[in-house]
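Based on these hints, arrange chain B on the given structure of chain A.
Number of protein chains: 2
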Amino acid sequence: MSQVICTVDLVLLTLKAGELQVALLKRDKEPFKDVPALPGGFIHAGEDADARAAALRVLLEKTHIATPYLEQLATFSGPARDPRGWSVSIAYYALVSIDIIEQGCSEQIRLASVDRLMQLPFDHKLIVDTAVARLRSKSQYSSLPCYLAGESFTLPQLQRVYEALMGEELNKVSFRRKMNEMGMLEELDGQFGAAGAHRPAQLYRLKPEYRDNLTLLERGL
Amino acid sequence: MSQVICTVDLVLLTLKAGELQVALLKRDKEPFKDVPALPGGFIHAGEDADARAAALRVLLEKTHIATPYLEQLATFSGPARDPRGWSVSIAYYALVSIDIIEQGCSEQIRLASVDRLMQLPFDHKLIVDTAVARLRSKSQYSSLPCYLAGESFTLPQLQRVYEALMGEELNKVSFRRKMNEMGMLEELDGQFGAAGAHRPAQLYRLKPEYRDNLTLLERGL
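Those protein sequences? They're chains A and B, same order as listed. First residue of the first sequence? That's 131 in my numbering, and the numbers climb one at a time after it. First residue of the second sequence? That's 131 in my numbering, and the numbers climb one at a time after it.
Just so you know, these hints were derived from the structure itself, not from any lab. Any given hint might turn out to be false.
Copies of the same chain are indistinguishable here, so a pair counts whether it falls within one copy or spans any two.
Stated by the list, open to error - Heads up, simulated DMTMM-like pairs for lysine to aspartate or glutamate below, C-alpha to C-alpha not over 25 Å straight-line:
{"#": "1", "residue 1": "LYS192", "residue 2": "GLU281"}
{"#": "2", "residue 1": "LYS192", "residue 2": "GLU298"}
{"#": "3", "residue 1": "LYS337", "residue 2": "ASP164"}
{"#": "4", "residue 1": "LYS163", "residue 2": "ASP212"}
{"#": "5", "residue 1": "LYS146", "residue 2": "ASP212"}
{"#": "6", "residue 1": "LYS268", "residue 2": "GLU201"}
{"#": "7", "residue 1": "LYS255", "residue 2": "GLU201"}
{"#": "8", "residue 1": "LYS308", "residue 2": "GLU201"}
{"#": "9", "residue 1": "LYS146", "residue 2": "ASP259"}
{"#": "10", "residue 1": "LYS255", "residue 2": "GLU311"}
{"#": "11", "residue 1": "LYS159", "residue 2": "ASP319"}
{"#": "12", "residue 1": "LYS308", "residue 2": "GLU232"}
These numbers were taken from a predicted model, which means no experiment stands behind them.
Next up, chain A with everything else stripped away, as it sits in the complex (with noise of 0.2 Å):
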């Protein structure tokens, strides 16, 4: 039998202030006590059902955070990356509204701006840059923006999510054709946001049956 170290680390993304940022804790043990890292734990193979149940109870435990949606980024290994031995760490990535992490233990929490990055222990660098890369390729053809949008919004501020996530301006009529392609809003009867100057704007929230699941365009927007 192999002697690898197995853990789970977990990439946080928000977007606040119209930027990409991450959730990083301050470690609690050594290795690199004290400097904040991605959130991260072994596998507990007593109790854990999978990898993913390890990454869930791990963000729990930590963050206080139930996210709506991991998703399984990549695995990273190598005698190396954590000074203990010979490890793999499966990581998973998890977008949030800026809502949830202030409603789980915001105060440690640090926010860090994805493109702004300090150096992190272990290999958590290469592990964030992988999952905005990911989220960024995704952005352009998915319900994947959604995640950061909040419970309901407006179309221009879910508009101006996916323009932050994919760094370019969108045309606004296309914009709505293709969110009504995709078929994964529904209005909020009655409700209305601010739009800016504008009049209110309707207000709209992901259909129950897209909340844990993505969907795909066909084509980029």
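Okay, now just chain B, sitting in the frame of chain A:
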């Protein structure tokens, strides 16, 4: 430290008789001795530089194949997938032309059509299905199918590879335009291949710089 078994498994896909097929090897020991399964093995913490290196080592040892293209697929885990205990398998997939498989240990490899796959040991059926779904979704917008086309090929041959992977007929003109946009093929000077009832067709190959790297189309075919 967690008591978790760490393995790698390989999904080696090829195209034979117009069908996508997966390479299976009879297992040489328990559990499931003599049953055909995906090539796989333990990570050797003292030897392997990372999980990818373990996958390449296992593939070479068990099939004598060195693949030009290997991608991490996903990691499969849990207490029930391996009778030896709570296990993690980091799965990789590779696309190889049938020529390369036949130059390997062909007497030990059994090819099975992915669309008519029997039950397999462990969760290997799920791993194969995941690889096939990934391949089919990627084939639409990448150079991935070229790895199945062999060292050199005519454009009609390459189009048939894309069609077999994607399960649909493609328009010849737009197929050629997309291949041209990707810019990853080079003509083999003065070399021509048979093209059915038609006149001999120009032979192409992947440019050297694309042999280890995927090219992605901005949009699907």
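Name the hints, by number, that the structure is in violation of. 2, 3, 5, 10, 11, 12
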